[in-house]
Amino acid sequence: MSPFHRVQEPSAPRIYSFDQPGSVPGTLHIRADAAPPRLILIDYQAQQAIRRQLDQAQDCAPYLDSESVSWIDVQGLGSAETLQQLGQVFQLHSLVLEDVVNVPQRPKVENYGDHLLVVTQMSTLTTVTVAGQPPSRQTAAGAIHPGLEIEQVSFILGKNYLLTVQEEPLHDCFAPVRDRIHYARGMIRQQGADYLLYALIDALIDGFFPILEAYGEEIEALEDEVIEHPTPQTLARIHQIKRDLLTLRRAIWPQRELLSTLTRDNCDQISKEVQLYLRDCYDHAIQVLDMVETYRELAASLMDVYLSAVSNRMNEVMKTLTVISTIFIPLTFIAGIYGMNFNPQASPWNMPELNWYWGYPLVWSAMIAIALSLISFFWLRGWFSDFSRVHRGR
Amino acid sequence: MSPFHRVQEPSAPRIYSFDQPGSVPGTLHIRADAAPPRLILIDYQAQQAIRRQLDQAQDCAPYLDSESVSWIDVQGLGSAETLQQLGQVFQLHSLVLEDVVNVPQRPKVENYGDHLLVVTQMSTLTTVTVAGQPPSRQTAAGAIHPGLEIEQVSFILGKNYLLTVQEEPLHDCFAPVRDRIHYARGMIRQQGADYLLYALIDALIDGFFPILEAYGEEIEALEDEVIEHPTPQTLARIHQIKRDLLTLRRAIWPQRELLSTLTRDNCDQISKEVQLYLRDCYDHAIQVLDMVETYRELAASLMDVYLSAVSNRMNEVMKTLTVISTIFIPLTFIAGIYGMNFNPQASPWNMPELNWYWGYPLVWSAMIAIALSLISFFWLRGWFSDFSRVHRGR
Amino acid sequence: MSPFHRVQEPSAPRIYSFDQPGSVPGTLHIRADAAPPRLILIDYQAQQAIRRQLDQAQDCAPYLDSESVSWIDVQGLGSAETLQQLGQVFQLHSLVLEDVVNVPQRPKVENYGDHLLVVTQMSTLTTVTVAGQPPSRQTAAGAIHPGLEIEQVSFILGKNYLLTVQEEPLHDCFAPVRDRIHYARGMIRQQGADYLLYALIDALIDGFFPILEAYGEEIEALEDEVIEHPTPQTLARIHQIKRDLLTLRRAIWPQRELLSTLTRDNCDQISKEVQLYLRDCYDHAIQVLDMVETYRELAASLMDVYLSAVSNRMNEVMKTLTVISTIFIPLTFIAGIYGMNFNPQASPWNMPELNWYWGYPLVWSAMIAIALSLISFFWLRGWFSDFSRVHRGR
Amino acid sequence: MSPFHRVQEPSAPRIYSFDQPGSVPGTLHIRADAAPPRLILIDYQAQQAIRRQLDQAQDCAPYLDSESVSWIDVQGLGSAETLQQLGQVFQLHSLVLEDVVNVPQRPKVENYGDHLLVVTQMSTLTTVTVAGQPPSRQTAAGAIHPGLEIEQVSFILGKNYLLTVQEEPLHDCFAPVRDRIHYARGMIRQQGADYLLYALIDALIDGFFPILEAYGEEIEALEDEVIEHPTPQTLARIHQIKRDLLTLRRAIWPQRELLSTLTRDNCDQISKEVQLYLRDCYDHAIQVLDMVETYRELAASLMDVYLSAVSNRMNEVMKTLTVISTIFIPLTFIAGIYGMNFNPQASPWNMPELNWYWGYPLVWSAMIAIALSLISFFWLRGWFSDFSRVHRGR
Amino acid sequence: MSPFHRVQEPSAPRIYSFDQPGSVPGTLHIRADAAPPRLILIDYQAQQAIRRQLDQAQDCAPYLDSESVSWIDVQGLGSAETLQQLGQVFQLHSLVLEDVVNVPQRPKVENYGDHLLVVTQMSTLTTVTVAGQPPSRQTAAGAIHPGLEIEQVSFILGKNYLLTVQEEPLHDCFAPVRDRIHYARGMIRQQGADYLLYALIDALIDGFFPILEAYGEEIEALEDEVIEHPTPQTLARIHQIKRDLLTLRRAIWPQRELLSTLTRDNCDQISKEVQLYLRDCYDHAIQVLDMVETYRELAASLMDVYLSAVSNRMNEVMKTLTVISTIFIPLTFIAGIYGMNFNPQASPWNMPELNWYWGYPLVWSAMIAIALSLISFFWLRGWFSDFSRVHRGR
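Residue numbers (the numbering used here), protein chains in the order written: chain A, 1 to 394; chain B, 1 to 394; chain C, 1 to 394; chain D, 1 to 394; chain E, 1 to 394.
These are calculated hints, taken from the structure and not from any lab test.
Values in this document were obtained by computation on a predicted structure and should not be read as measured data.
Each residue gets a CB set at the ideal place from its N, CA and C atoms; glycine is no exception.
Possibly wrong hints are sitting among the right ones.
[Stated by the list, open to error] Here are the in silico distance ranges between beta carbons for each label pair:
hint: 1; chain 1: B; residue 1: Leu380; chain 2: A; residue 2: Thr127; range: 28 to 38 angstroms
hint: 2; chain 1: C; residue 1: Glu257; chain 2: D; residue 2: Leu28; range: 45 to 55 angstroms
hint: 3; chain 1: E; residue 1: Cys267; chain 2: C; residue 2: Glu257; range: 41 to 51 angstroms
hint: 4; chain 1: D; residue 1: Pro36; chain 2: E; residue 2: Gln56; range: 50 to 60 angstroms
hint: 5; chain 1: C; residue 1: Phe377; chain 2: E; residue 2: Ile370; range: 16 to 26 angstroms
hint: 6; chain 1: C; residue 1: Ser271; chain 2: B; residue 2: Thr27; range: 18 to 28 angstroms
hint: 7; chain 1: D; residue 1: Glu217; chain 2: E; residue 2: Thr27; range: 20 to 30 angstroms
hint: 8; chain 1: B; residue 1: Arg279; chain 2: C; residue 2: Asp265; range: 27 to 37 angstroms
hint: 9; chain 1: C; residue 1: Glu293; chain 2: D; residue 2: Asp268; range: 41 to 51 angstroms
[What the hints assert, rightly or not] For lysine-lysine, the following DSSO-like pairs were computed, each having C-alpha atoms within a straight-line distance of at most 30 angstroms:
hint: 10; chain 1: E; residue 1: Lys272; chain 2: E; residue 2: Lys159
hint: 11; chain 1: C; residue 1: Lys108; chain 2: E; residue 2: Lys108
hint: 12; chain 1: B; residue 1: Lys159; chain 2: C; residue 2: Lys272
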């Protein structure tokens, strides 16, 4: 399935999941539109790997006792019954089940002695089309822009097993890891469940990079657009990018903490060697954060540039108006003067110019002189410099 | 009672309660409009639960010695006498009573050996109608906006009892917990007073989420409004949201510290198991803070967008003026020229054009040529691009 | 004496006192306008309290040896001689005397073994009238605004005595404490000099609250004003408030540190019980800081709102101009056309319209049609929406 | 080779290198345009120094065992095979090789027991020509502006050897160090591989200073330009500088951390004496950071100044328009009045002025009076003050 | 010599001194315009003090071994030879000499066992005249503004000696200390070299205060100017002040750290008693930082105020234009109507008004009615309120 899909409206920052205030702790919320859960079991050891889709939670029980590594992947949160059965099979604390099911939660790691709960967030790149914007040549950034979807993935790491719970079956960043197990690529088949946890988190963190790349390109396109031909859509896009980067930071920041905890603390479930790999993964999380912060600062600066560019354009418009107006207003006044109907016969003082031999040419000369002096006044002030610039299709 | 009620004016950030400088420590301030205190006792153990409304503070004394958990809930701070009696019954330090009565105080936890004082703040969602704003189609965000009320709730946790003191009886987020005790839902009846403390604080913290949700929706509505048709009311709303978020942060930030202290430190009054639950509550407080900070950044960005959008609109207005003016001003000048009354008979140089056979059509041709060249000049500069955009009901 | 007095000009942030660079440490600076020092001795124990005004510093020596608590309050820094005598009587280090006399210093606490130096800053509310602003109906915030004065108060705590040094005798926040000693209110007469130190610092910190309240009201008034009818005075007021809040923060921030040190460290001079009271005082200092930060953010947001509001008003002015101009400019052009004097007799092409039977009514019809189409154009753009708003007395 | 070269377009902030999400850790990415690696070996001790270009990675193996210091410098990342051979010769962990080859990584130091990995970033100054900007006299900052290139340099320090890996052979800041070895300048020949590491990092950090100098000069030029004659290009330049400084900070900040780690921690590979030198290098990194932060603040302030300067110029343009318009509009109205064709013979009330003896001179007097009073009105408002300023070639 | 001198151009922030990247550590850079070094020796003990100007560095050797305190003050960095001789006499590490000579370095303290290196920065107040600004009455802040020069002063403290190295002989803040030694003021003659170090650093830190005072006054003057009559020069001044305050902060911040290190750590070279004095000096450094931060915030707020004030003035200009234009444009249109030459004889519909008995007075009445209704419209909108304000000489 393609990792890109279309959404019509940019999604607002999702609020964290919360209970009805005062409700009993451990209550599960099943959303009406949640997909029914699919349970996929992969059981492997160095020599072989089995993959099965399970019908119900109890079916995975026999695999848990064996020496081989069992990975139970739950995709979809649509059935409270199945999820509670899972809780019983894996003997999960009611607070653990709540954190896994009531999405989204803030990423965190918690050690419950016999199992380790890791709550993470996965990002998926989507594309948004800004409403009412024609795919015209005006928008250098194009009519299709990057969008963002954040989804919770929970891990429960036990002795020989790893339980993963994903919100939706569609956005699956685990496929390459499944292939590595299936084709025995790398050393994943030689390692335990903790290495599998690492491999999956690593895939998840690395999934942020292509998204950042898309935002980087968008920012670059906006940088050109904002200087060349800022439009109200540009403004909306900058604000949207700031919002998405805020969402990304909110997702990645606690994951950085989480990875720091995993590499620093001694958990029985994670071996020294895998901690070394997780440290590499932690470095990647810091790199993601670094990029997010860089882009945030660039987007903030872009907003300033936008405001200045709009002022600049207004300045240019004002100058055009001023130049035309101030040249013609005095001339029109003069023309108005000699359009007056004072009766020259009533008095020699009444508009004798009208009967002068050179009257009309003199008036023209005066008007041309006034126009030229005003033009040179503006020229000296440098107001024409803008007009001489090359205007590229604006 | 409905948790929503109407207020006419957005409330300003309330200042912390303070003594008349130099007054004796422990002085109680009873506000004139404070509700008279209602004392509600709930005494429960696994098998049964009693609920009684007490007439005076001394009535609760017999319950305190029993093994069952006694919850005394004081609603309203209107009587200094009753409150001082409570202080005597529970043997509270004068500074404790001051913190409980002189609201609001900054949330904090203090350990007095035999009892633990926890001061918290509860938020209630209200709705505000912005003055002078008709419920017209102009305001996408609607004429009813979220408002905020913050109220102090103090907890005094002793061996077998919990004393809670609320400012007002109306906004009661404790009702669901009372029901859980009454109907023995969950394991609350099996647990001690410390679990009750947790259950109440949890209800209080979770009460912030619906409020955040309302603000999130308001921000989203404003995001559309600010790009589509910014008005001065939009500006007032953004500022109001920033103020409310500031108030929320001021309420939740010290509660996060407080919960951190409760889960980290060893208090005799709180068992290990309840600390686990409080840690979950602490996670929720962090989530609230996360959301508040996210919304604060969005609101700040909205203010920038607003300023830019207003500049954009002014730009558009300027362009209209400039286009019309600069086209007609030269034409009017030409018309003025030939409205002059120079006497053609006085000289062959005096406006001979007036007597030309093609004079009038020539002038029209000149004027049309000027108009077309100006229009094409503006076209090349892209000044008409704005007019071709779809204007949705602006 | 009233705690409020008038000053004509808002005072700029006062720079810290400094020596002529390179001068001998311990040099005292006596300002020319400093009030001559008044020495007031209050000597009390549980049974009785004496109050005397001393003529010279040596007079307090006999009281220092007694078991009773001696409070020597020095008001005014106008005499180097008296201050040096005090230094000798109390055996103060030259750096201590310098800190006490050369005001203002940054608040701090320093332990000199046998005595403890506490330097604090007291704030006094003043009122300022903004120059050139008539007390007209334009200013919702009124013509009288809160102002701020900061003054140093130093404490030197010894075994049985407390020496306090105030800059000016006028702003006295210690009067209520004197009354408590005199009338034996509370338990102050039962306690030692350390409790007196607490009582005075508590009065001093609580003195910040009414000031904050005044600023809170001013900000609220400005919030209305800035949306309704922003004027340049509004701008000056916002800047003034930001400056005052900066000054307040500079005063309260080090006092928070100072109180933290007093409650945390073990000083021989301060008993465990008084430390409990000082912790309460520390909470108040944090509350003051909280309020100051909140107001600072509000003031910063107000500045943004101001800028936007001014842009809004300019937009409105521009629209009025544009609407009137763009309607009448084409019409005037048409009128100008038919004001031309082309000779209809010279050619049938020369303005035959002038002789048409329906010429004049046709021109009127054309002009009305043009005006109506322009008006409907503006209507569709929503430019009239602003005019339909209620303008309250602007 | 000259350290300056031309690029046509300012480069956007480069994203950190990342794996295809889910791929096997340790995968090497070889970019198509990467230069083929050149291996240069320098083997030296106090008495002599050898320099050889190696054909393949295995050739350096014999030098590693000797007592002399072996520096293997790899320039270019174009061949996966060669790089994997290097990994085998030096027995590098697969994650190390990944960090060295998949550029750029965030600077860091990692200790792998027998060797130490140091990843750093080198900056190179380039020049950019802003598109479409003629090298006219308008741009005080000139048409050639500083640009920035960041490139990764990795160091692997073993017992007697140092392996350095550079992205490109062109930008070589190591030449002076090679000369110091060749000509035995300073004490480099007497020292071990750790001193060589210091010498190279020192050269790399010092390489930031000339770049900062170029940016400092650019900012200074822009400061003049922004006040004197701001253009849209100025805006683009300020944004570009902010972006470059952000990139610089992103490069230098982790290097500061890295140097702090090297000087603080005990690594077996680095002697106490060399740590002293590294501390000096750490000071330089802090100085670079200091300058970057200073320039960032200046650039942010410049953006504000730009916006204000544009507003100022618009103000000036507006005043010109207003002065001319408001003087001539009333005059033109008066001229229009007496251009009306009311028939004086139809009524004595119809424009009798036209037949007055002094009619025409009276109208002129009235118009001159109006013009003078308007001019003096503007004069009193100070609107002419701007025109009297010296306009230097604007 | 006067501590004030004139410079023509405000100096840009000086970059830290740096080596040619890759050069041998310890290389000395002698600038061409550096003054030749003057060596002044002051050797003192309680009874006597000697002052001599030395010809060469070796001359001070005999004084170093005696029990008396020897202060060698080097003014000017113009001779590499003399400085290297000094390095030999005092046995300085090559990195020490580099830090002392290659100015400026970031202030720091480093302990080399037998001697202590302290690098500090001294500030000098200069005055700048802004180019092209006449000393007119327009600038309330006056035409002379404070400027800033920062200069490095290095201290090397040994057992009985103190070596100080200053960049330039002119700006000497050490003169008062020399006088204190000469005239035996205070207790400096009784103390060791560590007290001398304190006395000099104290003089240096206190030298920041008069500079801050000058900037405080400048900010105050600008506060008035920015509200009353903002000019482009005002903008340039605000930016200049922000730049200078940035430079000041960059100078004082590391000196605060440095003093904190000196008072906290145990250096053999500094006695407990002098540490007490240094703590006082540390307090002063914090006060300087406090003031710098306060002024920085004020300057940032001033920039906002400036922008708003410029918008305000544009608003005022716009209103004038709008009022005049919108009143006269309709009137001119009406006059234009009756200036048309439709032939009344061709048709009874052609402008019969021209022949009406009351035609001309009716037109005048209509025009006056229109003007009055427009004026009252503007009056209701409050657009005249600005004109009624007192304009003080603008």
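Each hint, compared with the structure:
The hinted window of 28 to 38 angstroms between B:Leu380 and A:Thr127 holds, with their beta carbons roughly 33 angstroms apart. Checked against the hint of 45 to 55 angstroms, the C-beta distance between C:Glu257 and D:Leu28 comes to roughly 54 angstroms, which is consistent with it. Distance hint check for E:Cys267 and C:Glu257: the Cβ-Cβ separation is about 26 angstroms, which falls outside the suggested range of 41 to 51 angstroms. A hinted range of 50 to 60 angstroms holds for the C-beta pair D:Pro36 and E:Gln56, which are about 59 angstroms apart.
Checked against the given bound of 16 to 26 angstroms, the beta carbons of C:Phe377 and E:Ile370, roughly 23 angstroms apart, stay inside it. Between C:Ser271 and B:Thr27 the C-beta distance comes to about 22 angstroms, which sits within the given range of 18 to 28 angstroms. At about 24 angstroms, the CB distance of D:Glu217 to E:Thr27 agrees with the hint of 20 to 30 angstroms. Under the hint 27 to 37 angstroms, the C-beta atoms of B:Arg279 and C:Asp265, about 32 angstroms apart, fit the expected range.
At about 49 angstroms, the beta-carbon gap between C:Glu293 and D:Asp268 stays in the expected band of 41 to 51 angstroms. The hinted pair formed by E:Lys272 and E:Lys159 meets the criterion: a straight-line CA distance of about 15 angstroms does not exceed 30 angstroms. For the proposed pair C:Lys108 and E:Lys108, the alpha carbon gap of about 25 angstroms is at most 30 angstroms, so the pair holds. With a C-alpha separation of about 25 angstroms, the suggested pair B:Lys159 and C:Lys272 falls inside the 30 angstroms cut-off, and the hint holds.
Consistency note: the structure conflicts with earlier hint 3 alone.
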